[in-house]
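S.K.: Chains Z and X, in that order, are what the protein sequence lines are. Under my numbering, the residues of the first sequence are numbered 1 to 201, in order. Under my numbering, the residues of the second sequence are numbered 1001 to 1282, in order.
Please note that the accuracy of each hint is not assured.
Short, incomplete list of chain Z residues facing chain X, as computed with Cβ under 8 Å [said to hold, decoys possible]:
1) Leu6
2) Thr70
3) Ile72
4) Phe142
5) Ala143
6) Tyr144
7) Ile146
It is worth saying that the hints were derived from the structure and are not from the lab. The model shown is predicted, which means the values in this text are computed figures rather than measured ones. By construction, the Cβ of each residue, glycine as well, lies at the ideal position given by its N, Cα and C atoms.
What follows is the residue order along each chain.
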Amino acid sequence: MKGLLLKDFYVMKKELRAFLFIIVFFTAFSFVGKNNSFFLFYGFIMIPMVTISLISYDERSHWDSFLETTPISRSTAVSEKYLLNLLLLILWSPVVLVVYLVQYAHFGSPVQMLCICAYIALFFPALLYPFIFALGSEKGRFAYFIFIFAAMAAIAAGVSLMSQGAFFISEKLSLILLLPPAAAYWISWRLSVAFYKKRSL
Amino acid sequence: MSNAIETKGLTKRFRDFTLDSLDLALPEGCILGLIGENGAGKTTAIKLLLGILKADSGSAQVLGRDIGPDMGELKEELGVVLDEPGLPEKLTVRQLGKIMPSIYKSWSREDFAAHIRRLELPEDKPYKEFSRGMKMKLGLALALSHRPRLLILDEATSGLDPVVRDSVTDLLLDFTRDEGHSVLISSHIVSDLEKLCDYIAFLHKGRLMLLEEKDILMDEYGLLQCSREEAEAIEPSAIIGRRDNPYGSRLIVRNDALPKGTQTQAVSIEELFIFMVKEDKG
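Generate coordinates for the entire structure from the input sequences, incorporating the hints supplied.
M.R.: Structure follows, in structure tokens:
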């Protein structure tokens, strides 16, 4: 697992600088004014796409076939991508938190904010990744459109809630509401492992 | 002597191709060359042995263990180089050297460094800038650095220049100096395997046509050049393949089925393979 994470780190460093630039640029945009909260969540949409780009890169370079010749199981290969996505989301969260505290703190508590972020950051990769692991990044591409559409709609809904100050849910309830996206991510992981084990490479 | 690889009736059916009832045996400490034209089933056979594909019927044992879905422990003892080594283009040898110890428990940094030095590979050049020969040499260095007992090479020597092929040959011969080490190497280029292998297997259209020790093969078969009339007089069961030309006939024959005193020339593995394939009506 550590070796796979290290390999993805090297690939990201070389191949995916554009993603980092886009994420930083749009998040910075949300920092500029108080009405650009839409872009506050942009990083949480893009990070799962980084992971998909890494899967696609693995397929193009036949790294997935190489792993088949090593002791690394398919289950470990899938788990590493889910873990990497989580790590990137966690690493990015402090940046979003700082922007939130500086510009959007009047929209609710950090816990409520965390709840919105979890929905955006976990639900969509949870929906998308099983398609990618079942069909490959090329054939599973149609799922991107579902993903983008659903993600944009969810961000719009989140922003609307924030701007209306409609944080009618209590902090305690926000924490409980963290469970569904976490459960969806876990179920998605198990499904992806099952699908990837059956896929012929 | 036990077998490093043993398959019995190994079968895999696809819509337009079947690897049919493969019976293969590679004795420990030996090199087996799996020869076949493109699409003969070599890669399918190797993927079955690695558990990448699931057989429809038959059985296979690798290093004495049944192949199956969970081969993690077994793969610690296998070194594999596929036709396309499958390494990320932007990675360098140095970076791969840091990644691999987390992939193989028995990875040896010293062995890897020694192979890289011996094969004269640059440590900081991205993989995508490597030539085909350099890519294959790196594949071999990676396959050998966790001290495997069995090396499986799929078309790994195809397209290499003679100098690189020679260093690959040296590396493989060094590897099999240890009696517990074995090699399965597939190629459609027969001359690649002729010098290297102890055993030869011919695969054609998904069927194993022949599996024999190379020296026995060279003794058993011969090339006979004669007139057409002389060719007609030879017992048909002695003839493996025949080609007629305006000047006479060229026959690949079974030496022991010829009349005593008949002189034949040594036949090359390549000639034998081509004759057998052309004669095959299957």
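S.K.: Confirm or reject each hint.
M.R.: Results for each hint:
Restraint check, Leu6/Z versus chain X: the minimum CB separation of about 5 Å is within 8 Å; hint holds. Taking 8 Å as the C-beta contact cut-off toward chain X, the hint placing Thr70/Z at the interface holds, the least distance being around 5 Å. The criterion of a C-beta within 8 Å of any C-beta in chain X is met by Ile72/Z, whose closest approach is roughly 6 Å, and the hint holds. Interface hint status for Phe142/Z: violated, as the beta-carbon distance to the closest one in chain X is roughly 24 Å, over 8 Å.
At about 24 Å, the closest approach between the beta carbon of Ala143/Z and any beta carbon in chain X exceeds 8 Å, and the interface hint on this residue is violated. Hint status for Tyr144/Z relative to chain X: violated, with the closest Cβ pair at about 22 Å, above 8 Å. Annotation: interface hint on Ile146/Z violated; nearest CB of chain X at approximately 29 Å, more than 8 Å.
Checked against the numbered hints given earlier, this structure breaks hints 4, 5, 6, 7; the rest are met.
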